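Turn these sequences into a full structure, and let the hints guide you.
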Amino acid sequence: DTRSGISASGTSHTLHGLEEGTEYFITVTATLSGGDGRGAADTLTGGGSAERSITASTMTAAPSAPPTDVVVTVESSTSIAVQWGPVECRHQNGEIAGYLVRYGEEGSSEEARSVQMVSGDSSGGITTVSGLNRQTIYTVQVAAVTSCGTGEYSHLETIETPDDVFLRLNGTVIPNNGLLNISGIGSTDDTALLCITNRPPPSGSFHSGGDWFSPERNRVQHTDVPGFTRNRGPMVVRLKRTRSGTPTEGIYHSVIQDSTSTYETVNVGLYNSGGGIVTLSGGVTFTLDSDSQFTLTCISTGGPATTVTWTRDSTTVTQGTQTVLNDPVTARYTHTLLVRGRREGTFTCTVANNHPSQSSAELTVTAPSPPSNVSVSQNGPTSLLVT
67 DTRSGISASG TSHTLHGLEE GTEYFITVTA TLSGGDGRGA ADTLTGGGSA ERSITASTMT
127 AAPSAPPTDV VVTVESSTSI AVQWGPVECR HQNGEIAGYL VRYGEEGSSE EARSVQMVSG
187 DSSGGITTVS GLNRQTIYTV QVAAVTSCGT GEYSHLETIE TPDDVFLRLN GTVIPNNGLL
247 NISGIGSTDD TALLCITNRP PPSGSFHSGG DWFSPERNRV QHTDVPGFTR NRGPMVVRLK
307 RTRSGTPTEG IYHSVIQDST STYETVNVGL YNSGGGIVTL SGGVTFTLDS DSQFTLTCIS
367 TGGPATTVTW TRDSTTVTQG TQTVLNDPVT ARYTHTLLVR GRREGTFTCT VANNHPSQSS
427 AELTVTAPSP PSNVSVSQNG PTSLLVT
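Here the sequence shown is numbered in our numbering, starting from 67 and rising by one per residue.
Heads up, some of the hints might be wrong.
[As the list claims (entries may be wrong)] Distance ranges between label pairs, derived from CB positions:
id : residue 1 : residue 2 : range
1  : Leu84     : Ser174    : 47 to 55 Å
2  : Gln182    : Tyr90     : 31 to 39 Å
3  : Ser196    : Ala131    : 39 to 47 Å
4  : Ser196    : Gly151    : 18 to 26 Å
5  : Thr80     : Gly215    : 51 to 59 Å
6  : His79     : Ser196    : 49 to 57 Å
7  : Thr80     : Asp135    : 33 to 41 Å
What the hints contain is simulated information worked out from the structure, not anything from laboratory work. As the structure is a prediction and not an experimental result, all values here were calculated from the model. Backbone N, C-alpha and C fix where the C-beta goes; we use that ideal spot for every residue, glycine too.
Here it is as structure tokens:
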């Protein structure tokens, strides 16, 4: 609430420097110039009122600035999500009626770009742009709209759609070049968390995505363990947690990333060398363009798992197999999921055990693969056999 005052003579005055599309409260006060020789203003008193108040609005105009905080993310191989914040209040110039999302392939002219109208208010908005080409770089801009026109477009945001099938693992977008976010819970002071790629990428291209995080989202100490590859890949990260006198139960997670190669599988593990409760949870949230299948495999050591839970689209499912390995205290649980057609969904596994000497859990995610050896042959005059 900002107030200001001016002195004026006569019976009219024009107020300048106001904001467009804004309501103002105006008070006019009649004054007399006193006889003190200094022109002091004395408000009229006596019969009648010396003040009159009124509200009035300036004319609406197109916004004079773009929406803030425009973010573009991949949703599938043919769609992206666009999110934005509000236009600054002083630049809205009236009531925001909606937004225009302008997009097109990188390098295309303005005339060749598409525009999508999105309803919304002054708080910002979000929308999905679909029907895009795979493996194509797009640029995106957003502008706000009032009843008087379209405002300025935001700076160009650039994004590339992936090729065909891609995954989201534990809420992290996974194009075919691989990115994994996995969570685990342990209850002892000496716990190793492993993130291992099963297909070693080209030399030098594999690296840690940063860092282990505590339940409070603070970075915690981690080190590489030389020579501990378990024949699965080049990197293992070990976390030593030492909170003196208190259990270290809590969710810890890390991100691993490979910027150049494609994963067949990604393996993660959680180990308590002194035994105790271990719970490991992970899986995929998928957007598929065709028939695909992928596999979750978890391994429990120290003894059979206390619980193994498979969940598909938030519903517990019982399918899956259990295989006891040569080691009598190790058990493997596998579930292969076949998804037909275009659809979205989630598929997760949670494995828990509690053994006095050593407890561990591993989870392997095998990426989707299309059906193989597809062939078509004639099967009579009016039919074809597809295998």
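How the hints compare with the structure:
The supplied range of 47 to 55 Å is broken by leucine 84 and serine 174, whose beta-carbon atoms lie about 40 Å from each other. A hinted range of 31 to 39 Å for the beta carbons of glutamine 182 and tyrosine 90 is consistent with their spacing of about 35 Å. Range check, serine 196 to alanine 131: Cβ separation about 28 Å, and the 39 to 47 Å hint is violated. Separated by about 23 Å at the C-beta atoms, serine 196 and glycine 151 satisfy the suggested range of 18 to 26 Å.
For the pair threonine 80 and glycine 215, the beta carbons lie near 25 Å from each other, so the given range of 51 to 59 Å is not met. A hinted range of 49 to 57 Å for the beta carbons of histidine 79 and serine 196 is consistent with their spacing of about 55 Å. Distance hint for threonine 80 and aspartate 135: a CB-CB separation of about 37 Å, consistent with the stated range 33 to 41 Å.
Consistency with the previously given hints fails for numbers 1, 3, 5, ordered from lowest to highest.
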